Amino acid sequence: MKIAVCIKQVPATTEVKINPATNTLIREGIPNEVNPFDLYAIEEALRIKERLGSGTVVALSMGPPQAADALREAIAMGVDEAVLLSDRAFAGADTLATAYTLAKAIEKIGEVSLVLCGKQAVDGDTAQVGPEIAENLGWPHVTYIRKINEIGPSEIVVERMTDDGYERLAVSLPALFTVVKEINVPRLPGIKGQLRAKKAEIPVWTAADLEVDPGRIGLTGSPTQVRKIFYPQHETTAEMIEGSPAEQAAALLEKLRGLGVA
Amino acid sequence: MEYFLTEEQKMIKELAARIADERIKPVAAELDEKEEFPWEIMKVLAEADLCGVYIPQEYGGLGGGVFEQVLVVEELSRACSGVAVSYAATGLGAFPILMFGTEEQKKRYLPDIAAGKRLAAFALTEANAGSDAGAIETTAVRDGDYYILNGTKQWITNGGEAEIYPVIAMTDRSKGPRGATAFIVEKGTPGFSFGKKEKKMGIRASATRELIFTDCRIPKENVLGREGMGFIVAMKTLDRTRPGIGAQAIGIAQGALDVAVKYARERHQFGVPISSFQAIQHMLADMATQLEAARALVYATARMIDAGVKEFSKEAAMAKLFASDMAMKVTIDAVQILGGYGYMRDYPVEKMMRDAKITQIYEGTNQIQRNVIALELIKEYAGRK
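If you're matching them up, the sequences are chains A and B in order. Under our numbering, think of the first position of the first sequence as 1, with each following residue one higher. Under our numbering, think of the first position of the second sequence as 1, with each following residue one higher.
There may be inaccurate statements among the hints.
Stated by the list, open to error - Derived, one-sided and incomplete: chain B residues facing chain A with beta-carbon distance under 10 Å:
1. Glu8
2. Leu15
3. Ile19
Stated by the list, open to error - Calculated from the model, a selection of chain A residues having no Cβ within reach of chain B, i.e. all distances over 10 Å:
4. Lys2
5. Ala12
6. Glu28
7. Asn32
8. Gly53
9. Glu155
10. Arg187
11. Leu188
12. Pro189
13. Asp209
14. Leu210
15. Glu235
16. Glu242
17. Ala262
I should point out that these hints are in silico values taken from the structure, not numbers from a laboratory. This structure is a prediction, so every number in the text was calculated from the model and none was measured. Ideal Cβ placement from N, Cα and C applies to all residues, glycine included.
This is chain B alone, in the form it adopts within the complex (with noise of 0.2 Å):
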């Protein structure tokens, strides 16, 4: 489908895929069985200018808003999502600095990060707080001119590879999320350290780690918004990045939808290739219009959010709740049609499937997508006369 991309869009999207083939696919089923951090795919980012496509030209960006970081992510997915979700986990930490950031804060981190010098990475989950992120552990008690972090942050995504994290802690336990404050938190800080790597289903390039505050000290100037504004920065930042996640469901359903038409097309069986049975192509053309509605639909959440809409939780919602469950859905297909093929780790399309199922739960679990836009429902229609 045309989407009527604007010439620097063009340009983005092109260059992205351009990384994607020639220096993400080859590597990315290693990657994948070794568990490994791509820095080197980071550095071929950062020189690529793609690091700073949503950020503003001021801070060393291009300029571009989530719909570039969208392309972006999109295009990385379609070769390997771990990689795509350790670029697209720094924006989710820079956003709270570009949208609560104050001029000396984003001065601070913002051209690093446009430049891809550092990483960046959102610490809200915890054990016993993830759906429910008013149940947050994580303390900071006022000293001075200083904060006092105690706790630990859990499924960090950039974890342990990041320097720049945003964190969310409770400053005043007894107010509930109206409680809870972001803190800027810098690798190196004493007191800030991480736990062990897990091992994931999928996304396996990506690191996936616990940061542990044990009484690490954080200047008030670290402050991201307001004391209480926790919540607000957390949830405002999760609408602007969701359709990241869809952008990412896209992209791995994409992927794996290449794979599918190429591998039916090829393969024979019966003297004829599997591509002229309509029960393979009947497969195959609902797993692209699903693709398609889902890629218009983030397309146009993105672009709403980036044309200055103040109201988006709803459609953020959709986008991630619907590209991810498309991508699960079209994933789970293309394993099918490659058969006992595409069960083995010699095809790509077995970690495409399990790349897949993390969209469905991160940055809220799409039962939460769905709270979220039933929410927004019932209040729109009850506004109605």
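One chain only, chain A, in its complex shape (with noise of 0.2 Å):
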């Protein structure tokens, strides 16, 4: 089985700061890692692989040319191999934009059964281009997986976590999965693997590589506009309702109506 997992670069500090004019990261300065995440995908791909004791997984990074030190991490841990997208047509990328142009690399690549993705970036925090990749390539998607059960040829079944639970569904392949932190413990890069991840040649694809319509990519293809960042607040209150039981029930029913669910 051949596995691809796509890993993002993002800044090694638990304080993005966002530049107020444009609305977007600002990057200058402060020291790169593996988003965390996808530590857990890449764990998860060797995992997958070593279960079935054969198999390539290929990590897959798109950004500019220092994002090939969080490939050589990735090849650190155990990858077979990586591959950089990096060409300055992509820069400026939206979520739309950039699952596109990694779903062309997944085409290129070739023979890919399955794509992991960490759950989200903790830098844009987004949780968009994963699904989007999956789009992209016409496959399904489960997104928050927590459990892989059974790898089968054709089929895998996992488990999705949700805020009450978990779902198990059964995934017809090829298919793409964002993993949670649940999942696994990432390995740490041993000694052996830092030495192959030092010498390996990480090959780079550009635009004419990947053969992309060029009004897809980089910013001309991103038409998202950052207007504000926020969390979207999930509230819930309580009201004690006071009374004998037949007030209580007339005064529920009462609310219930009002908010047009009764």
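Mind assembling these two chains? They're in different frames, but the hints should get you there.
Here it is, written out as structure tokens:
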């Protein structure tokens, strides 16, 4: 089985700073690391390969030339190959353009049966690229995977984490999964892996290599305009209804009618 | 202090430090409390390729030497020296094979040790033979192509957990130390069993057991070196591993100093941090100075051994002696700086103080180290005109 893992190089800080003028991330002067959630995806890909006793794991990243460092860490952990998608034409991509570009690269790699991604990147926090890659490829996808139960030649059974429990899903291959941190404990890159990573040659694919539609990549292919960044609030409030049971029931019914749910 | 490590040595040190901080520190108190062997951490060390740092590449190791092992042991000891000694004791079991093993023995055992698949342990000490290694009572009697081992080894680190045991036994008691022979005994050999797990003051994550040999038949191919060389095997092995005990000591002391400085800066008395008191400052200054001196001696000794110098008994003994006495003193002072908190198990320094004590005792008591140093010193001066 050929497994592709999409990883992103992110600023190594928990406090991401935003440029207030452009509403984009400030990257200058901040050391980079592999997006922590992507480490779980790399680990799970390696475990699937070990479970099956054969296969190839390819790590993939789109970014500036220094994103090769993130791919080197993936190699140090044990992935077989790594490809960097880097081209000035890719710059300024939103999630739509990024997903399109990554999907084209997965097609170019060829014979990929499974794509794994972290649930989201810690800088942008959108969680959109994984599912959008699957849509571009026309494959099924499942987000928030916490466990891979069975791996068949054409089907995989997974557990998807939800707010109140989990769903067990059988998914036909090829497919894309995004994983949560509950899925495993990522291995540390061993010394032999680190030495191998240092020497590894990482091919760089440009827009021309991918035969992409120039209108769908980089800033040109990015319709997203960031107006404001905020975390959606899910507020729950409780109100105690006093009185006898009959009075409480009547008051409750009135409230529910007022909310249009009864 | 800058010790000018190579890029690969830096990589090894950083990875060991990361494992110490991320995987060992959070469980160190629990491992100590439960006296649980750290198998999970051993697996992490194996995956990180750290089990074979001192084993040649042709046997699956990284091709480093004593110095690389020292770097790993030091970092691990910073977090828990019970874990560190379990790692280091495999080295103590591997070095006799590295130094005296036949090509076949090396091929048979070293790749598994380097990969962390099997642990090793070294069996010299007995109830009546500690510092006086010549008093060994375990016997090995030749019987055709076999030797039959009888006797009991005591306080063997990694005993029961390890699978590969270089064991020293007497093949000819009339010859005294020259009648000792080293054998490789594998766990599972009929007639080879383990006694109870010892309850210790410190390094409680590590396993210490008796090895019991009852008519245990060992093929003659498992002799390490030659018959009668057992004492030399033991002494040469200990010379090589003593800097490792020094590394353990400097790791423990570094861990204690880290806690003490942090605490002194945070703890307020009389309205100011206690780090502003000269009484505390001078204690911290002495701790740091002694620690750095010990580290410099341990590193220099390890590098000297790896450079291929033939005679290093004296320096190895000095490194072990100085670093372990330093660790004892530094950990006692760390407990003192933390005061009542230092005495409580909620803080890590009381464990470090308990752990430090053994470094003055095992792999040759510090009294024996002084004997070694003095003997070498007198020999040196006797040779001068």
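For each hint, the structure was consulted:
The interface hint given for B:Glu8 is met, as the beta carbon of that residue sits about 7 Å from the closest beta carbon of chain A, less than 10 Å. For B:Leu15, the interface hint holds, the least distance from its beta-carbon to any beta-carbon of chain A being 6 Å, beneath 10 Å. About 7 Å separates the beta-carbon of B:Ile19 from the nearest beta-carbon of chain A, less than 10 Å, and the hint is met. Interface exclusion of A:Lys2 from chain B stands, the closest Cβ pair being 24 Å apart, more than 10 Å.
Once the 10 Å rule is applied to beta carbons, A:Ala12 is consistent with being away from chain B; the minimum gap is 14 Å. For A:Glu28, the condition that its CB be more than 10 Å from all CB atoms of chain B holds, with the nearest at approximately 26 Å. Consistency note on A:Asn32: stated as away from chain B, and its beta-carbon is indeed over 10 Å from all of that chain's, at 17 Å minimum. No Cβ of chain B comes within 10 Å of the Cβ of A:Gly53; the nearest lies about 18 Å off, and the non-interface call holds.
With 10 Å as the threshold on Cβ separation, the claim that A:Glu155 sits away from chain B holds: the shortest Cβ distance comes to roughly 30 Å. Distance check for A:Arg187 against chain B: the nearest CB is about 6 Å away, which does not clear 10 Å, and the non-interface claim fails. Here A:Leu188 does not stay apart from chain B, with its beta-carbon only about 5 Å from theirs, under the 10 Å limit. Distance check for A:Pro189 against chain B: the nearest CB is about 8 Å away, which does not clear 10 Å, and the non-interface claim fails.
Every C-beta of chain B lies more than 10 Å from that of A:Asp209, the closest at about 33 Å, which supports listing it as non-interface. Residue placement check: A:Leu210 keeps its beta carbon more than 10 Å from all beta carbons of chain B (closest about 34 Å). Against chain B, the non-interface label of A:Glu235 holds: every CB pair exceeds 10 Å, the least being about 35 Å. A cut-off of 10 Å between C-beta atoms confirms that A:Glu242 is not in contact with chain B; the least separation is 46 Å.
At the 10 Å boundary, the C-beta of A:Ala262 stays outside the reach of chain B, the nearest C-beta of that chain being 51 Å off.
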